[in-house]
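*Asks:* With chain A fixed as given, assemble chain B onto it according to the hints.
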Amino acid sequence: MKKKGSEVRGQGSGVAYATFIAYCIPYVLSILFLFSLVTTSHARIYIDISSPGARKLPVTIITTGPMQSKEIEWIVKSDLDATGVFEMVDPDIPGAEIIVTLDVDMSVGLKVVLSVRDLIENREVLKKRLDASTVIIRPMAHSIADDIYKVATGKDGVFRTKISYLKELASGKKELQYMDWDGFNSKKIISRGLTTSHNWGQDGRYLFYSSERKRQWKIYVLDLDNFTESLLFSSKGLNIVGGTSPDGLISFSSSKDGSSEIYTVNKYGKNLKKLTRAFGIDVSPVFSPDGKTIAFVSDRGGTPQIYVMTSQGKNMRRVTYEGSYNTSPAWSPDGEGIAYTGRSNGKFQIFVVQSDGTDLRQLTFSGNNESPSFSPDGTFLVFDSDRDGKRGIYVMRSNGEAQKKITSNRVKAMTPEWSPYLKK
Amino acid sequence: MKKLVAVCLLIFAVSCTKTYTRPSEEEVKPPKEIQEEVMKVEEEAPEEIAYARDEQIGERDLSPAEVAEVAKMVFSDIHFDYDKYNIRPDARPMLDQVASFMSENGDYNIVIEGHCDERGTNEYNLALGERRAKSTKNYLVSLGVSSPRISTVTFGEEKPLCTDTSETCWQSNRRAHFVVTGRR
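Listed in order, the protein sequences are those of chains A and B.
Under this note's numbering, the first residue of the first sequence is numbered 137, with each subsequent residue one higher.
Under this note's numbering, the first residue of the second sequence is numbered 24, with each subsequent residue one higher.
To be clear, the hints were calculated from the coordinates, so they are not data collected in a lab.
Among the clues, some could well be false.
[Claimed, not checked] Cross-link-like lysine-lysine pairs, in silico, DSSO-like; alpha carbons within 27 angstroms at most:
1. 107/B - 483/A
2. 324/A - 182/B
3. 182/B - 483/A
4. 182/B - 548/A
[As the list claims (entries may be wrong)] Example chain B residues on the side facing chain A (calculated, C-beta under 8 angstroms, incomplete):
5. 72
6. 74
7. 75
8. 134
9. 143
10. 145
11. 146
12. 147
13. 151
14. 153
15. 154
16. 176
17. 181
We put the CB at the ideal spot given by N, CA and C, even for glycine.
One chain only, chain A, in its complex shape (with noise of 0.2 angstroms):
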């Protein structure tokens, strides 16, 4: 029998959590590493992950060093284990296919030799030497966990990548903040004004959100390199962030000449373009991967369903049908599909759609859940829930499978976003 890694993985919780406490909290504005790249030999795709219902690549780690080097072992498992892709094998029972070593030293700083090795081809596929000057476990852990999902499908992991979300304070103030994709070390950002819709731009560098402040709505943006906000469109009215393009261009929803309508500017909040003249309600406009086509929210029908037009405004054309309420439309990164939330028998659940209006399925059915946002590879969906009582982020499968609260049970949040690649 194989051990499962959900096992494993239960065991080393409570002492990672504990770690985790104990060394994130001495850190300094920005911490490096320094990466030696010993040996980069690769030949082939262990898990085509593309193709549906492909087996677990069966994997075994071995971890050795100090007490704490568990907590990386527990991280890189659960990120693997999060993705489906991977089938965690007990180093005491043979079936491994690949095995994945770490080796801890926390003597000086923290560094690591992380190795992966074809045990049917018995050869080393990846060696690599992590070094950072401080104690930094978590996002150490990703990124060995990234390298190692790099080797095993060809693709870029998220375990890197962050989720931009609103907290909610006693005071029923919402506060923008971001976390690490597994809801690890929550930051603040922004807490002036009531802050709302908010996205990222593609390059993962600027945050841009609204804010209503002094009773006006305004669109903000945020530079995360130097912290420094500035203020990218306001009118007259309500001005709701909806989306980026891959060339820079800013989708957002404004009531400026009265009604609520969709318009684009540039990243310096210039060459406005209206794109949707109705009497109606329009909000929530996002542009696909590719920024050729817009998915919006329109009550022209009467009543709020999914649209999509060029990002031109032309050619518009109604994508759902089911139900009388959905919203908050959300692209997949192939293009392809678009999750949204929908009502069904009274709740909110997650829906995902073909562009075309096919293949429709819902993939929540517990509580009220919304606000869905894919990850940047697709694998996963990040959306808001209170299905346990408190409302709280989950992230799934995009298939529905593997629900999960990141959030902790204390804390009010909502309204995910899903960050692109960054820069490392």
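*Replies:* Just chain B now, with coordinates in the frame of chain A:
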């Protein structure tokens, strides 16, 4: 293949070793030199964000005497049906009161806040709250209040009066709220 590796190393050297070389999908011989790279790992949000400056438009703060005067004149909220923004008949008496206050007190302006219940998407509810505020404004204008004296703002579902999951609570949150301000 050797050429490819050499070119890769050259590019690497020229670009100041900024990018991490991922293992390529084709077989590549191990590089003879050790490649080193400095990688930024963690950014800490600073205590203070350099916020953009915002200006208040078209309003002034009330003087203490005016605050006392306004406190005597409390307008009740008016309410709306679910996903609707039309003025209900039960809201008309209160709107008549607001309109006569405005015509008798020329020194004041009024802000109408549109609010929604918690159900539904924040963005759609913001737009809906704006519609509620605007239809309230339109009604007051139809009663003779001058349009520039009325401003509107939506708070969507962001400022609920209560947070129970019940129709009574939802109804009290689906409202337009009146705030008296000074006239510039």
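*Asks:* For every hint, state whether the structure bears it out.
*Replies:* Outcome of the hint check:
no., hint, verdict
1, 107/B - 483/A, "holds, 19 angstroms"
2, 324/A - 182/B, "holds, 21 angstroms"
3, 182/B - 483/A, "holds, 22 angstroms"
4, 182/B - 548/A, "holds, 15 angstroms"
5, 72, "holds, 5 angstroms"
6, 74, "holds, 5 angstroms"
7, 75, "holds, 5 angstroms"
8, 134, "holds, 6 angstroms"
9, 143, "holds, 7 angstroms"
10, 145, "holds, 5 angstroms"
11, 146, "holds, 5 angstroms"
12, 147, "holds, 5 angstroms"
13, 151, "holds, 7 angstroms"
14, 153, "holds, 5 angstroms"
15, 154, "holds, 7 angstroms"
16, 176, "holds, 4 angstroms"
17, 181, "holds, 5 angstroms"
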